[in-house]
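Student: Okay, here's what each chain looks like letter by letter:
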Amino acid sequence: MKILVCISKAPDTTSRIAFTDGDTKFDENGVQFIVNPYDEWYALVRGLELKETLGGSVTTVTVGGADNDPVIRKALAIGADNAVRIDADPADSFDVASQIVSYAKDQGFDLVLTGKETINYNSGVTGALIAEMLDMPYVALATKLDVDGGTATITREVPGGTEVVEVATPVVLSAAKGMAEQRIPNMRGIMAARTKPLEVVAGVPSTGQTSIVSYALPPAKGDVKLVDAENVAELVRLLHEEAKVI
Amino acid sequence: MRTDLYQGHDYYLLDELLTEEHKLIRDTARAWVKKEVSPIIEQAAEDGKFPKHLIPGLGEIGGFGPYIPEEYGGAGLDQISYGLIMQELERCDSGLRSTSSVQSSLVMYPIWKYGTEEQRKKFLPKLATGEFIGCFGLTEPDHGSNPGGMITNFKDMGDHYLLNGAKMWISNAPFADLAVVWAKDESGRIHGIIVERGMEGFSTPTMTGKWSLRASDTGELIFDNVKVPKENLLTGRSGLGAPLSCLDSARYGIAWGAIGSALDCYDVALRYAKERKQFDRPIAGFQLQQKKLAEMITEITKAQLLTHRLGQLRNEGRATSAQISMAKRNNVDMAINIAREARQILGGMGIINEYPIMRHMMNLESVITYEGTHDIHLLITGMDITGENAFK
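Respectively, the protein sequence lines represent chains A and B.
2 is the number of the first residue of the first sequence in our numbering; add one for each residue after it.
666 is the number of the first residue of the second sequence in our numbering; add one for each residue after it.
Treat each hint with caution, since some may be false.
[Unchecked claim] Partner residues are not named here, just some residues of chain A that face chain B (Cβ under 8 Å, in silico): (1) P71; (2) K75; (3) T211; (4) S215.
[To be verified] Pair ranges (Cβ atoms, derived): (5) A:D82 x B:H808: 52 to 58 Å; (6) B:K942 x A:A230: 19 to 25 Å; (7) B:L682 x A:A67: 18 to 24 Å; (8) A:Q183 x B:R983: 22 to 28 Å; (9) A:Y216 x B:D680: 40 to 46 Å; (10) A:D82 x B:P812: 48 to 54 Å.
Since the hints were made in silico from the structure, they are not lab data.
Glycine included, every Cβ here is placed at the ideal spot set by N, Cα and C.
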């Protein structure tokens, strides 16, 4: 089975978030990047598990510049067979999907895995866009995936429970928490990653359809307000008027 | 123990001096420690037992002889990689790092450097995975800072050597499969000899009652007319310089490891000081707490710079024993002082095993003494700069 896993970099969750260029760009200065956790812990690891039981290969694909190479090497150290980096500076999810499809369309992948979203941009649509552009079925928010012959059985989160679907491969799916357990690379993997192929291919012209007007940080977290246990009316008022959750 | 929230501190942007592979190796060790060791380390220390189930994982992350060439099962990494792994292990516990550095620097290193090709092929690959665990016998009950006075000895019996004597304070001894033992031949010259578990007359009683390195097993090595096959002699080098060169490698690892302990204490204390409120404000806002924290990161940063440079010199084969002594002595002293200051920032919480500080502090009392005491390392520096030997 030929598996493609889409890998994106994301800032480490302890990073200090700041913006630049008039608040239109994320300030990468001093930020440590990691493999987007949904891509790494769930999509990549499940892809590797399937390869290990069914045979085949796992390729990763990443859209971006050479600054992505460290996270790509980590994916190779965890166990991917080879990696492709599409040398482009994508404008949005549509652009990312277009770039990935420009590479993947002739490759005959049986399975294309993405994380359910990146933890920085959280668009959560790249997988769906890839599926549409590749004319493949798409299953979102998968928490379990098994493949038998040409059929994938997928458990996915739906509001209030789970849904089990069957779909003929090739298929695109987005992986959510529960799909697999985090896999820490071992020294053998890190050494092997040195020589695994990382192919850099040219991107296609940008197909971005949106542009960033501005970013802003969420308001600073305020102090905890303690409400007397007897004063339910005040609690309701605060939840309604200040927290605006009811 | 609380969730391990540790994050590294890099005040002088030293990460920029590391390669991407260095960072991947360090982050891998950190992730493994957080997943596998942090949740169980307090219990292991309380029980006074080395958690042996960690051994295969330690092998997988490169905890055993990462600089040993690949042909012998190592990873062929550089000295900075080795240092970073030691730092991450000791960030969690000095006992964990001890197990790893004994195996790497005191068992695999001498077999690699001074062993025969047969010994390398027989032992190194299994030591690299942790299938074999080794220990190192140099210190004796009456010979600590003066190892050259050792009385453990062996006689040439024609078809084998006959080994007699005793070693003490030996990390990993109680469960080691083999011991690299330093003993005198009939002419009084020191040689390394590999003693394997199961050899008649060889026993490894556990030492108990430690208030330090409780998550690491320490024991004695007793040799009562042990017949050791001649092929177990390390033939590549003899004399006190041979075991001392192993100690150079181990002390270098300790210099990095101590930074790990210090970083953990600083990390915990900094977070605590920002969260703990007294007089209606975080205690981090008080000058006396800021003095402690600011001095901690200053000392850590100085130690990081010293150690990184030492790593470069080790990579080039230019680091002297005296330079290594300076780093070991400085960094362990730095770490023990930071542990004590951090304990104070946490107030009463500092003595509770919900936080790692008291464990680090107790561990470092061993680290400041083993592999050359704090005082002996000072005398090594003194001898190096004056040319005068103040040991005896």
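Student: Each hint should be assessed against the structure and marked as holding or not.
Tutor: Against the structure, the hints come out as follows:
no. : hint                        : in the structure
1   : P71                         : holds (4 Å)
2   : K75                         : holds (6 Å)
3   : T211                        : violated (32 Å)
4   : S215                        : violated (29 Å)
5   : A:D82 x B:H808: 52 to 58 Å  : holds (55 Å)
6   : B:K942 x A:A230: 19 to 25 Å : holds (23 Å)
7   : B:L682 x A:A67: 18 to 24 Å  : holds (19 Å)
8   : A:Q183 x B:R983: 22 to 28 Å : violated (40 Å)
9   : A:Y216 x B:D680: 40 to 46 Å : violated (26 Å)
10  : A:D82 x B:P812: 48 to 54 Å  : holds (50 Å)
Against the hints set out earlier in the document, violations occur for numbers 3, 4, 8 and 9.
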